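Asks: Just so you know, the protein sequences line up as chains G and R, in that order.
For what it's worth, the numbering used here labels the leading residue of the first sequence as 38, then goes sequentially.
For what it's worth, the numbering used here labels the leading residue of the second sequence as 5, then goes sequentially.
Simulated from the structure, these hints should not be mistaken for lab results.
A couple of the hints might just be wrong.
To be verified - Covered stretches of chain G, as calculated for chain R (at least 3 residues, CB under 8 Å):
(1) 127-136
(2) 208-222
(3) 233-247
Remember, it's a predicted structure, so these values are computed and weren't measured experimentally.
Built from N, CA and C at the ideal position, the CB exists for glycine as well.
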Amino acid sequence: MGSLDFSVVWTNLGFLGNGLALSALLVVVSSVGGMILGGGLAALRLSRHRILRLPAGAYVTVIRSVPLILVLFWFYFMLPLWTGHTIGALPSALIAYVMFEAAFYCEIIRAGVRAVPPGQSMAAAATGLRPWQMMRLVVLPQALVAMEPLLVNQVVILFQDTALVYVVALRDFLTAASVIASRDDRPVELYGFVAVVYFVICLAGSQLAGRRRGEVIQ
Amino acid sequence: MNYNWDWGILLQSPNAALLVEGVAWTLGVTALSWTIALAVGSVVGLTRSLAWAPGRIAATAFVEVFRNVPPLVQLFLWFFVFPEVVPDQVGLWIKRDLPLPEVTTSVVCIGLFSAARVAEQVRAGIELVRARLLPAALATGLRPTQAYRLVVLPVAMRSIIGPLTSELLIATKMSSIGLTIGVLELTAQSQRIANDTFHGFEAYGAATVSYLVIGLAITGVMHLLAVWLRVPGLQAA
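With these hints in hand, go ahead and build the complete structure from the sequences.
Replies: Below you can see the structure in the form of structure tokens.
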């Protein structure tokens, strides 16, 4: 092997930074969108009405059974057909991530709500709260505490998953590095740098999730 | 929406063969990487649960590194970087003579990533049952290694069959990242059929159904395994 030369990383820092910014955009949009949509799905799955429960349950099961790459391909192919005009790689990837993450957030939120003892909602009902108030003022605040570490953990997993936009040729952090790695023939420096950056960010995130879990258990 | 449905496209040559081949590679990569994950993950998880500090630190470092770098980045490290940083002779052998380089790399990569996750489950399982069972096992006169081998580990492994099933399903889906370096597994084949025929619904639909069936089959087999391994009168937790 030739000698290592990390100057290739510094000279392309702007390009790599743009890649990291795209990864960050994907994380923010898909975690916020995924949590909102996931909350809606969880509400459907917790509903008393079978007609709401079943389709939401089927959606979550199917999405959780297939690889994210296949979901990216699905939306990349399907969205132009649905909307009738071409859609860029970025909007289609963003929609795919939101739809994919929603299934996972749905299960976290559903588990959190179910973890609140039923006596809580009975007591809330006895004080005269309406169902929506009961959910908002009594059940959700307690559920949020229980699910917070899992939500943080899911954001870390999502950040790792954003690297998969490589398959639809979007210039995220990893793809940006791979472009330079093959152009300048410096795979060791580029992939090594990328791995260290991902590692530091994800380790910080999972440590945060772990510490929150410790606090919740106490 | 204007779309010309034709499910028959899946049965035409060569598409049916491509799909079967894709399922075979997905199952093959999953089975082999799962073997690595279970073997390495059990050893690392056990080491992490022990009081021996050097082993515990090394095992913790293994888990944190392999859990906190995205699997696709790990795959590129194994495929593009690893042959460059090992001694020249080994690197040359990997580049020239490694059989099925893409598949082998994917198996190692997914195997070690899953091993880190399995290790955490194994450690959790051991810590769950050890407090209660280890003193009792030692009191019967077993030596510590015997107590682990005959009592703690068999009970701990039975108690984590559920979480291990989830990890196995994650590894199955993760086998799809192999397509980035040229493994012709299920997702890759469905994309190829979609591109060749312009029948994306049918191609991706077939892949989706296949993943659902594979997932159900794995869940079913693991459930049977749990029933088969159940010890009458023993409750893990």
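Asks: So which hints don't hold here, by number, going up?
Replies: 1
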